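Participant: Based on the hints, put chains B and C with the ligands in the right spot on chain A.
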Amino acid sequence: MRASPKNSKNGPPRLWLWILGLVMGSVITVGAGIGMQISDRRPFCAGCHIMNEAAVTHKISAHAELACNECHAPHNLAEKLPFKAVAGTKDLYLNTFEKIEMPLKAGESTRQVVNTNCKACHHVTNTTVAAMDVKGLCTGCHRNVQHMRMKPVSTRSVGDV
Amino acid sequence: SDVGELNPPVYKTKLPADEIRNSAFKNEFPLQYGYYERNNETQVMTEYNGSVNYNKHNNADPLPEGYKHAQPYLKNLWLGYPFSYEYRSARGHTYAVEDFLKIDRINRYDEKGGLPGTCWNCKGPKMLEWVKGKGDDFWAVDVNAMRDKLDVKDHTIGCANCHEPETMELRLYSVPLQDYLKSQGKDFKQLARNEKRALVCGQCHVEYYFLDKSFGPAKKPKFPWDNGFDPEDMFTYYQDQGECRVKGFEGNFVDWTHPVSKTPMLKAQHPEYETWINGTHGAAGVVCADCHMAYVRTDDKKKISSHWWTSPLKDPELRACRQCHSDKTPEFLKTRVLFTQKKTFDQLLIAQEISVKAHEAVRLALEYTGEKALDYENLVIAAQQMIRKGQFFWDMISAENSVGFHNPAKALDTLASSQQFSQKAVDLACEATKFGISKDLAKDIKQIVPPILKHSRKLQQDPEHMKTHEWFKYIPVLPAANQVWDGQKKL
Amino acid sequence: SDVGELNPPVYKTKLPADEIRNSAFKNEFPLQYGYYERNNETQVMTEYNGSVNYNKHNNADPLPEGYKHAQPYLKNLWLGYPFSYEYRSARGHTYAVEDFLKIDRINRYDEKGGLPGTCWNCKGPKMLEWVKGKGDDFWAVDVNAMRDKLDVKDHTIGCANCHEPETMELRLYSVPLQDYLKSQGKDFKQLARNEKRALVCGQCHVEYYFLDKSFGPAKKPKFPWDNGFDPEDMFTYYQDQGECRVKGFEGNFVDWTHPVSKTPMLKAQHPEYETWINGTHGAAGVVCADCHMAYVRTDDKKKISSHWWTSPLKDPELRACRQCHSDKTPEFLKTRVLFTQKKTFDQLLIAQEISVKAHEAVRLALEYTGEKALDYENLVIAAQQMIRKGQFFWDMISAENSVGFHNPAKALDTLASSQQFSQKAVDLACEATKFGISKDLAKDIKQIVPPILKHSRKLQQDPEHMKTHEWFKYIPVLPAANQVWDGQKKL
Ligand SMILES: [Ca+2]
Ligand SMILES: [Ca+2]
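Protein chains in written order, with my numbering: chain A, 1 to 161; chain B, 1 to 491; chain C, 1 to 491.
Quick caveat, the hints were computed from the structure, so don't treat them as lab data. Among the hints, erroneous ones may be present.
No farther apart than 20 Å at their CA atoms in a straight line, the calculated lysine to aspartate or glutamate pairs in the EDC-like style are these [claimed, not checked]:
hint : chain 1 : residue 1 : chain 2 : residue 2
1    : B       : K443      : C       : D179
2    : C       : K342      : B       : E232
3    : A       : K99       : B       : E317
4    : B       : K303      : A       : E108
5    : C       : K434      : B       : D300
6    : A       : K105      : B       : E5
7    : B       : K68       : B       : E47
8    : A       : K151      : C       : D327
9    : C       : K443      : B       : E195
10   : B       : K454      : B       : D61
11   : B       : K302      : A       : E101
12   : C       : K424      : C       : E470
13   : C       : K134      : C       : D99
14   : B       : K219      : B       : E243
15   : A       : K151      : C       : E331
16   : C       : K372      : B       : E41
17   : A       : K59       : B       : E5
18   : C       : K302      : A       : D133
19   : A       : K151      : B       : D61
20   : C       : K434      : B       : E371
21   : C       : K489      : C       : D99
22   : B       : K328      : C       : E195
23   : C       : K439      : C       : E371
24   : A       : K90       : B       : E243
25   : A       : K59       : C       : E331
26   : B       : K439      : C       : D440
27   : B       : K302      : A       : E98
28   : B       : K439      : C       : D375
29   : C       : K189      : A       : D133
30   : C       : K473      : C       : D462
31   : C       : K473      : C       : D486
32   : B       : K314      : B       : E5
33   : B       : K26       : A       : E101
34   : B       : K328      : A       : D91
35   : A       : K151      : B       : D327
Computed from a prediction, not measured in an experiment: that's the story for all the values here.
In isolation and in its complexed conformation, chain A is listed as follows (with noise of 0.2 Å):
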């Protein structure tokens, strides 16, 4: 058995995330700032196991003090909350019932969010350019930003959770 159940948040029932999904649920319906704040941020999406190697290299990144949404919801509101309701269900409800792959995809339309939000915040030094969108997202060249993903395994990632 395990020693230490450091990393090993998921108790089988997963009641507090049910829990949490219900706070976020009434977030995204009253709008309120602070709910939303938090479940934007790392420690929020660190929460369930399975976003810890994202979180890990997040935390390492030139990104670090950007919360996860900043990359992962449409900066507009009025896109960002139907977006997180859906997202924020789908991955509560994927976790919860559903066997995941491995290694984790990025779906399209994470990769169309993402790499709207690299443009809206980089903007400036990116306007003068002839062809910012030769690659079609902005990590067909900035290859690290995708969560460091050429590191070996190791730094990213440990067993058993």
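Facilitator: Below, chains B and C with the ligands without anything else, positioned relative to chain A:
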């Protein structure tokens, strides 16, 4: 709470520190054990690899006997050495003992196997007990003495080879690797986790040799890495690590003498670790376990390290690769692997043929009755030295199991060098005979020296078989003998 | 701020559509122009490359005359062909016309240069005017006719070669590349930007040849890509694209006949595009501009495409590489590039030597007076065919300017093949003479055929010089002549 550090899991099992039975781990780690059992899969092939244990020299018959990408000259190149009797493609770790017990490299027609106990070194955790019991006296014990001293499945390569049973921390069971680390002033426990994830494989997937007795405990296994991990480094290393007294090879370490060219030879075995270490991935710190033990999620959502060590290309989705190459499709990645593998295999076939030609050239030179060059003797010796080197370089890539992928540039460079050395051997042999033998060599190699398709210890007892190839006259017909060992059973 | 799309800038310049002067673009695009002027840098070297235009055969003298990593046999291998007079390492685009006017490959001792106007094709945007003016009649005009018809700096490779002056959209000025795309049913305008960023370089950094007149407009440039981009594909292509009538080479396209071995040869030139296209990066869609024109920030913080086309390793920070490899240090990346380059260069040197040996072997066979093999003639022809192929394969990597980096596996595989073909030529020539010449070939190649260190059009006029190497007797002493052209000046 933010994410913490990356802490590998720590366990406290109920197992004793000296547990070596695989089955003992099953209850504690059912998930890893479940994956471990997948090593029993022995059907799926990839273009150049996979898990059918076909005969690696047989490119004529279909699976499971042979395979399209086999090298037909293996039995010629290893004539006189146990590898010429039988050499098969590797399959899962769960077969290691079973395949060992069946292999014709070990003499089963005699009480004694004719090979040292060292052979057991990489077949399972029993070594821990045996070496503990006998110390350095273990190595020179005949291999057959242990045939019935272990359980085929419970003692095949398993948990105790890589883990401390009490804590499941990674550990090394392997004496030669421990010795090497010590010689480098390194302590396994202090190394980075990433390094450990490669070194546990480096216990076995490496080139090795057995000490000549004046260099230490006779037959103790050693890794020839003092000068480095490249073919040239290891070749140089072997030049003064043995007891050979043959002129031109004094002090060389020698695995066997090729009977056709009378050349003191080296045999290379599975240098995966050495090939990988400065390859594209190895240099970047991407280790064996990253590709061959990718994290997988089991039904109850836990993420574990796959313990199914096999070709990552057997998974049509190439999930192992896409942990990193998530921007690429499986088809694209497969095409890139093949891009390297096809070139490597084609050059392997060519290197193999020139090596055969070199043996034949020296054979002809040795038997030459016409007028010889003034420095005939030196030229023949120089030719033999080039045979030894050319074949070792070829074997470094032939015995390596990734067909170039673990290090594309090194693989292709090594093969070009092999071809040059072997060609030089041919040239020198011709010169020694004042080119009297050149005409005989100016034909298609398949005609000059046909591949030996069939050979075994049993066949070598059959005088009729021994008439089927010119080269057989350089090895003795063995006295007829009945099989003494069948697996673990003494007959 | 919510910025959806980052539309690439669209320009509307004040320049006319047919503007070709570089200076005309300066005011409109001072930032790009500023970087463009950095192409004048001509001092900085990397381990195997850089921007000093030393003589590529000279490994004896220091820079700027020679360089440690030069191939000493170039003048031997190209004897009888203009490349044997002078061949230098490439430097910046701003020197293209200047270096062209100085090069001894073009005859400056005569009104006529002895080469077609096609040579101008890749030296600047004047081609747009010249081809527009003369159509397909342009190509066969003597190269010297245009010497004084352009401005050395204003008409060297520049903006109009790759951009529409009115909009700065990427475009192709190059006729052979347009022809190729058409043959593939492709329209440049419809292609993805990413492809365009490689194709603009593929206008020039490619293998080419000039049509024999029965195949189209005489001397029109063409890219030999109908079968594909690999050395074998192009070699096969050339086998039926020419007017050669020499036995064994009927219908071959032939650049020149090597006077020593009488072999109808091919010359390969800078196949960067073909090498890159299925290399590690090319296959992954990483294009020339990504590495050789990376985005740079100018002082006012604007980012532009660097227009300094040079070795990305000249930047100690390897910024061009680290947009993608930001997890690696510059030192690490440099080491990996060298890992490939050293192997490639070492094998190049070996391939080069075997190729020289092959010419010498056939020379000896052709002059052999002893007893010959029954099929002597066929054997010699077969040997010559192997010389042609071996040297073309060597040249595909030798002429390629990345020393293997653009495609490590293909480079090393091609060199191993080159060595095999050239060795086969040696073997066949020996067989043709019943091995009568073998003894003469059994020495160090440097002794059998020393490298030709000095040679030029001027020296070829000097009977004393023409006594300094055995092989010179196969080319005529040229009649003494004074220089007619000095750059653009007629003397
Ligand atoms: Ca060995
Ligand atoms: Ca050409």
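Participant: Please go over all the hints and tell whether each is borne out by the structure.
Facilitator: Do the hints match the structure? See the list:
Between K443/B and D179/C, the direct Cα distance comes to roughly 45 Å. Violation of the 20 Å bound is thereby established for this hinted pair. Restraint check for K342/C and E232/B: satisfied, since their Cα atoms lie roughly 15 Å apart, inside the 20 Å limit. Among the hinted pairs, K99/A with E317/B is consistent with the structure: their alpha-carbon atoms are about 16 Å apart, no more than 20 Å. Proximity of K303/B to E108/A is assessed by CA-CA distance (about 24 Å); at most 20 Å being required, the pair is judged violated.
Annotation: proposed proximity of K434/C to D300/B is violated, straight-line Cα distance about 76 Å (limit 20 Å). A threshold of 20 Å between alpha carbons decides the hint, and for K105/A with E5/B the separation of about 23 Å lies outside it, so the pair is violated. Proximity of K68/B to E47/B is assessed by CA-CA distance (about 9 Å); at most 20 Å being required, the pair is judged to hold. In summary, the hint linking K151/A to D327/C is supported, as the alpha carbons are separated by about 7 Å, within the 20 Å threshold.
Annotation: proposed proximity of K443/C to E195/B is violated, straight-line Cα distance about 48 Å (limit 20 Å). The hinted pair formed by K454/B and D61/B meets the criterion: a straight-line CA distance of about 12 Å does not exceed 20 Å. Between the alpha carbons of K302/B and E101/A the distance comes to roughly 11 Å, so the proposed pair stays at or under 20 Å and holds. Pair hint K424/C plus E470/C does not hold up; C-alpha atoms about 24 Å apart against a cutoff of 20 Å.
For the hint linking K134/C to D99/C, the alpha-carbon distance of about 25 Å lies beyond 20 Å, and the restraint is violated. As the CA atoms of K219/B and E243/B are separated by approximately 13 Å, the hinted pair is consistent with the 20 Å bound. Our distance criterion of 20 Å between C-alpha atoms is met by K151/A and E331/C, whose separation comes to about 17 Å. Distance restraint check for K372/C and E41/B: the Cα-Cα separation of roughly 60 Å exceeds the 20 Å cut-off, and the hinted pair is therefore not satisfied.
At most 20 Å may separate the alpha-carbon atoms for a hinted pair to count; K59/A and E5/B meet this at roughly 10 Å. Only pairs whose Cα atoms come within 20 Å are accepted, and K302/C paired with D133/A is accepted, the gap being roughly 17 Å. The suggested pairing of K151/A with D61/B is violated, with an alpha-carbon distance near 43 Å, which exceeds 20 Å. Distance restraint check for K434/C and E371/B: the Cα-Cα separation of roughly 16 Å lies within the 20 Å cut-off, and the hinted pair is therefore satisfied.
A C-alpha spacing of about 14 Å is found between K489/C and D99/C, which places the hinted pair at or below 20 Å, so the restraint holds. Simply put, K328/B and E195/C have alpha-carbon atoms about 18 Å apart, close enough for the 20 Å limit, and the pair holds. Only pairs whose Cα atoms come within 20 Å are accepted, and K439/C paired with E371/C is accepted, the gap being roughly 15 Å. A threshold of 20 Å between alpha carbons decides the hint, and for K90/A with E243/B the separation of about 69 Å lies outside it, so the pair is violated.
Pair hint K59/A plus E331/C does not hold up; C-alpha atoms about 25 Å apart against a cutoff of 20 Å. For a cut-off of 20 Å, the pair hint linking K439/B to D440/C stands: about 17 Å separates their Cα positions. Distance check on the hinted pair: K302/B and E98/A sit about 12 Å apart at the alpha-carbon level, within 20 Å; holds. A hinted pair counts as satisfied when its Cα atoms are at most 20 Å apart, and K439/B with D375/C qualifies at roughly 14 Å.
Using a Cα cut-off of 20 Å, the hinted pair K189/C and D133/A holds, with the two alpha carbons roughly 17 Å apart. A C-alpha spacing of about 13 Å is found between K473/C and D462/C, which places the hinted pair at or below 20 Å, so the restraint holds. Of the supplied pair hints, the one linking K473/C and D486/C is violated, its CA atoms being roughly 29 Å apart against a limit of 20 Å. For the hint linking K314/B to E5/B, the alpha-carbon distance of about 33 Å lies beyond 20 Å, and the restraint is violated.
Pair hint K26/B plus E101/A does not hold up; C-alpha atoms about 24 Å apart against a cutoff of 20 Å. A hinted pair counts as satisfied when its Cα atoms are at most 20 Å apart, and K328/B with D91/A does not qualify at roughly 24 Å. For the hint linking K151/A to D327/B, the alpha-carbon distance of about 15 Å falls within 20 Å, and the restraint holds.
Against the hints set out earlier in the document, violations occur for numbers 1, 4, 5, 6, 9, 12, 13, 16, 19, 24, 25, 31, 32, 33, 34.
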